[in-house]
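Now for the letters of each chain:
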Amino acid sequence: MKRNMLKSTLALTTGLLIAGAASAFAADSETDFKAAYAAAEAANKEAASLRNQWTTTAAALTAAKKAAESGNFDQAVAESKQAEALAKASIYQAESEKGAWKALEIH
Amino acid sequence: MSGEVNVRSAIHFASAALALAALSFGAMQLALAADTPDPAADAKAFQKFFTDKFPKVKLDDFVNGPYSMNEDMHRQWEEKEQFPPYDFSLDLGKEMFSKPFKNGKSYADCFPNQGIGIRQNYPYFDEKEGKVVTLELALNRCREANGEAPFSYVKDDMAALTAYMAFTSRGKPFDIKIPNDPRALEAYQNGKRYFYTRRGQLNFSCASCHVQNPGERIRAEVLAPALGILNAMPIYRSEWGGMGTISRRFTTCNSQIRGVPLEPQSDEYRDLEFYLSYVSNGLPISGPGARP
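One line per chain: the protein sequences are H and L, in this order. All letters in the first sequence, in the order written, are residues 2 to 108 by this note's numbering. All letters in the second sequence, in the order written, are residues 4 to 295 by this note's numbering.
Incorrect hints may have been included.
[As the list claims (entries may be wrong)] Covered stretches of chain L (chain H as the covering partner; in silico rule of three or more C-beta atoms under 8 Å from a C-beta of chain H): (1) 77 to 85; (2) 165 to 171; (3) 251 to 262.
[Stated by the list, open to error] Calculated pairs, DSSO-like style, for lysine-lysine (alpha carbon to alpha carbon, straight line, at most 30 Å): (4) L/K97 with H/K103; (5) H/K103 with L/K83; (6) H/K35 with H/K82; (7) H/K66 with H/K89; (8) L/K97 with H/K99; (9) H/K103 with L/K59; (10) L/K180 with H/K99.
To be clear, the hints were calculated from the coordinates, so they are not data collected in a lab. All residues carry an ideal CB built from backbone N, CA and C; glycine is no exception.
Turn these sequences into a full structure, and let the hints steer you where they fit.
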């Protein structure tokens, strides 16, 4: 009887520990997603101020949101990071083209 | 003696300083001249670039876009013009143009010469507003001033109206003027910059396709030369399955290179139209057109 009680207690503790760890992990993932998404949005906003957003950035942001809504935060973080990289590339393009466009001009 | 030497040194020093100042002023003037846009020289160089690149194509034929690029394409164009796909839109535009607004006025009241045969003068730089005014913009402003809702800038009704107005100008050479106003020159220069600036994930500028590669294929399409590219607008495009305006052309070009298009009739697009039309001055209006 005692042994059975001990077994039950152990099982319950293990279960609680697993559940706790999982929810902490989910919370971390969601926090990571929110941070990654905010960084991507900020970069895309800067690209907008330069009048040079890319459609692929918008698509990656949409995919990130969709993944987060379905609870897939790993995917959501990956998409957010992809969106941020694309937005940063569009900013770099706009900045470098401020002088580079002249190389194409017909004289 | 020492006083004389001092005066002499002072004179030498002052002369050297003056010469240096004159030299730097001259260099500054040269640098300014190099940076100041010269639209007339630009247009001349632009047209020469295309006539040198395609010596067999007559200057006026560039307005036929990809159909001017080789004999086979030209034959296709001639056949297409027998039963042009833009005819329905042209008829609709004529009907719309003559139909009065609810207040009894009509489009004719908004334009010089009642709107007939004036397409070649658009876009123009409005010195009161300090901005470029395109035909599409002027049409919507006319509607709004008469209590009507504006049309979408990209297709259907706007394309029909501009098709009719272009048709009444067929054969008339583009005659875009840049008034003696620094803002007009700035708008021209902004349009030029937009034309040559690479954008979108594909890193293309307008010039990448229409200056560097006209006559070449991009997938199944033969790219049109930039010279005369707006003379045929609006166009019926088989790819679109319908008519499209200049606004539609600009926004779809942007999205094709994976760039987020700007809003139709934004300052950038208006300036781009100003630049592209100006460098095609002298070439005849051929719109409405048809393209693959």
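Each hint, compared with the structure:
1. 77 to 85: The restraint on the region 77 to 85 of chain L is violated, since only 0 of its residues have a Cβ under 8 Å from chain H and three are required.
2. 165 to 171: With 0 residues closer than 8 Å to chain H, the region 165 to 171 of chain L misses the three-residue bar; violated.
3. 251 to 262: Since three or more residues must qualify, the claim that chain H covers the region 251 to 262 of chain L holds, with 3 doing so at under 8 Å.
4. L/K97 with H/K103: violated (42 Å)
5. H/K103 with L/K83: Not OK: H/K103 and L/K83 at ~38 Å, beyond 30 Å, violated.
6. H/K35 with H/K82: At roughly 11 Å apart (the allowed maximum being 30 Å), H/K82 and H/K35 satisfy the hint.
7. H/K66 with H/K89: holds (19 Å)
8. L/K97 with H/K99: violated (43 Å)
9. H/K103 with L/K59: holds (29 Å)
10. L/K180 with H/K99: holds (27 Å)
The structure fails to meet hints 1, 2, 4, 5, 8 from the earlier list, while all remaining hints are met.
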